Amino acid sequence: MATSATVLPQTRRISGAQLIVHLLERQGITMISGIPGGTVLPLYDALSESSIRHVLARHEQGAGFIAQGMARTSGKAAVCVACSGPGATNLVTAIADARMDSVPLVCITGQVPRDMIGTDAFQEVDTYGLSIPVTKHNYLVREIADLPRVIDEAFSIAESGRPGPVWIDVPKDVQSAELDYDDVAYLIERPALPEISSQSILDAAAMINAAERPILYVGGGATNAVEQVRELAEHGHLPATMTLNGLGILPTDHPRSLGMLGMHGARSTNLIMNEADLLVVLGARFDDRAIGLAEKFCPNASIIHVDIDRAEIGKIRQPHIAIQGDVGEVLTRLLPRITSDGREEWLAAVSDMQTQFPDHRPGIEDPLTHFGVIRAVAKCVDGSEIITTDVGQHQMWVAQSYPFNRPGQWLTSGGLGTMGFGLPAAIGAALAEPSRKVLCFSGDGSLMMNIQEMATAAENDLDVKIILMNNRALGLVHQQQSMFYRENVYGATYLQKTDFLAIAAGFGLDTCDLNAAEDPETALKAAIDKPGPCLIHIFTNPEEKVYPMVPAGAANTHMLGE
Amino acid sequence: MQNQFPVLELIVRNHPGVMSHVCGLFARRAFNVEGIVCLPISGSEQSRIWLQVQAGDQLEQMIRQLEKLEDVMSVLKPDLDSDTFDRLPAMFKHQTRTVAPGSTSVV
Numbered sequence: 001m002a003t004s005a006t007v008l009p010q011t012r013r014i015s016g017a018q019l020i021v022h023l024l025e026r027q028g029i030t031m032i033s034g035i036p037g038g039t040v041l042p043l044y045d046a047l048s049e050s051s052i053r054h055v056l057a058r059h060e061q062g063a064g065f066i067a068q069g070m071a072r073t074s075g076k077a078a079v080c081v082a083c084s085g086p087g088a089t090n091l092v093t094a095i096a097d098a099r100m101d102s103v104p105l106v107c108i109t110g111q112v113p114r115d116m117i118g119t120d121a122f123q124e125v126d127t128y129g130l131s132i133p134v135t136k137h138n139y140l141v142r143e144i145a146d147l148p149r150v151i152d153e154a155f156s157i158a159e160s161g162r163p164g165p166v167w168i169d170v171p172k173d174v175q176s177a178e179l180d181y182d183d184v185a186y187l188i189e190r191p192a193l194p195e196i197s198s199q200s201i202l203d204a205a206a207m208i209n210a211a212e213r214p215i216l217y218v219g220g221g222a223t224n225a226v227e228q229v230r231e232l233a234e235h236g237h238l239p240a241t242m243t244l245n246g247l248g249i250l251p252t253d254h255p256r257s258l259g260m261l262g263m264h265g266a267r268s269t270n271l272i273m274n275e276a277d278l279l280v281v282l283g284a285r286f287d288d289r290a291i292g293l294a295e296k297f298c299p300n301a302s303i304i305h306v307d308i309d310r311a312e313i314g315k316i317r318q319p320h321i322a323i324q325g326d327v328g329e330v331l332t333r334l335l336p337r338i339t340s341d342g343r344e345e346w347l348a349a350v351s352d353m354q355t356q357f358p359d360h361r362p363g364i365e366d367p368l369t370h371f372g373v374i375r376a377v378a379k380c381v382d383g384s385e386i387i388t389t390d391v392g393q394h395q396m397w398v399a400q401s402y403p404f405n406r407p408g409q410w411l412t413s414g415g416l417g418t419m420g421f422g423l424p425a426a427i428g429a430a431l432a433e434p435s436r437k438v439l440c441f442s443g444d445g446s447l448m449m450n451i452q453e454m455a456t457a458a459e460n461d462l463d464v465k466i467i468l469m470n471n472r473a474l475g476l477v478h479q480q481q482s483m484f485y486r487e488n489v490y491g492a493t494y495l496q497k498t499d500f501l502a503i504a505a506g507f508g509l510d511t512c513d514l515n516a517a518e519d520p521e522t523a524l525k526a527a528i529d530k531p532g533p534c535l536i537h538i539f540t541n542p543e544e545k546v547y548p549m550v551p552a553g554a555a556n557t558h559m560l561g562e
Numbered sequence: 563m564q565n566q567f568p569v570l571e572l573i574v575r576n577h578p579g580v581m582s583h584v585c586g587l588f589a590r591r592a593f594n595v596e597g598i599v600c601l602p603i604s605g606s607e608q609s610r611i612w613l614q615v616q617a618g619d620q621l622e623q624m625i626r627q628l629e630k631l632e633d634v635m636s637v638l639k640p641d642l643d644s645d646t647f648d649r650l651p652a653m654f655k656h657q658t659r660t661v662a663p664g665s666t667s668v669v
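Here the protein sequences come in this chain order: S and P.
In terms of my numbering, the first sequence opens at residue 1 and continues consecutively.
In terms of my numbering, the second sequence opens at residue 563 and continues consecutively.
A few of these clues could be false.
[To be verified] Below 30 Å or equal to it, Euclidean Cα-Cα: the simulated DSS-like pairs (lysine-lysine) are: (1) Lys296(S) - Lys315(S); (2) Lys655(P) - Lys315(S); (3) Lys639(P) - Lys76(S); (4) Lys296(S) - Lys545(S); (5) Lys497(S) - Lys530(S); (6) Lys315(S) - Lys639(P); (7) Lys437(S) - Lys530(S); (8) Lys296(S) - Lys497(S); (9) Lys525(S) - Lys545(S).
To be clear, the hints were calculated from the coordinates, so they are not data collected in a lab.
None of the values given here were measured: they were computed from a predicted structure.
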């Protein structure tokens, strides 16, 4: 429920900008990220007199990902602000990323005054048109009187059902217009969750109880159902694989956890899934990186698909039982009907497959290798940490090998795959959860894409550690060109030997050069323990590959590599 | 026989952006809309859009995507005569005027 931070007098003359700030406070917003510019100056003027803390990003895409870091950590909608024109276009990537991974955001941009819209005015762009395909919903606010409804609706839409970003474009003259505002309780009612049919619950329970080789396939949509998923896996003896954004829902070391499936999933997991006779899909959407060639994914399995989004059910694979609903609610009703069949034979087969095809982690004992540094980092912290990544080889290695213990611990750009996500998302996470350490694994290609946010981390003295695996290459491109384009590595290596340690120091970060350390593990521990932002640098080999690898468009059983 | 070009009837909020939402959804999936008619519902803040679309496996998914749009209140598949859209050009014919290029006058 929203709280009222500022109590306004019964009626007063109030500007559109002040109204926006008041409505944000009423939604419980205490912090926003953004960059000011001409068309949002009225809003910034109002913000300066409010209870809301503004975190100044260095690029609007950074502001968008900072808000994502807050939202992914808290599960509540976070807010970012930018000006019209380039401010809005710079936000597009971060908003599209939020849409792909179902992250609740409310994004507010300034727009040129109403009478100048459509005239190609300075810093005018069709923000409404641009934002349609990358948001859950969007608004161009034409009247100040619409603001209370629009802002309350925006939070409701962003957070309800399948979450997502909502974009509100506010012309400058709407921000400076005035109206008599009496503090009407306009907080709108959230839409009710879809009705779940009792028959579908009975059918699903019967199908699960009758299955000999069932598998749970758990995605980001099950993030709020951790207890129920665990109980289903334990009580029903169901092995569970997780998507990239589902990692942590079952802890890595849980006996029923099969880790990640898909293109870079565990070899044993992809092979086990091929044997399944029932697939229970919980808040996952049959993404191509997870399932490979759709027709050949779990070819012998019946499918039960539970998702809050009706449009996901049947989009890629037609389920035998479809249940539209909140995963937690569905499982709560399903669990009492699940019999505790031992399934010894199936669990033994799963275990055999895992023994026969163990995870391959070359160099894990050496903290100066890619797997080794991930393990060494995990040994320096107590499990309360938050992990973010950028996108590429380092991301997959962390996904494969980090010991996750809860959802919300792991923030990564899954659907859109945006390089440059990691650092600003880590900043957002550190702002939202100041008591936790935030560790951002990155690569040199990715880090360079939002490196300016080092200044934001330093300015706010956030406990963010960047662990940079520097291979002077775009590693995953290098890998794919090596494997699928006749080893013709082109445009994927950096000839310029950028000095990231000097850059980080220049931005005001501590630095730790692991390759130069006498005892890398001790140096790593000291760097992570010391509060405040730090760049931890390690050189890695550009010839290393992420294995196994399912080539794009192939079946998941067709895995290349060790 | 199944109509090759079925018609969808949408009730939508009447505001300037709604047509972009609906058309963008089809364009993104390379799903051609054969015909569009949109009229306001008098005495309300809603409009009715009729879309003539292609029959096919994709249609159910398109309907579900339409239902997700916040500005779309409902999606129906009315049983219209298949030539409803074909008759429209004749209804508009007598209003056709030629406007000279560069002319600012509108008849």
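task = Kindly indicate which numbered hints from before are broken by the structure, ordering the numbers from low to high.
result = Checked against the structure, the hints that fail are numbers 2, 3 and 8, while the rest are satisfied.
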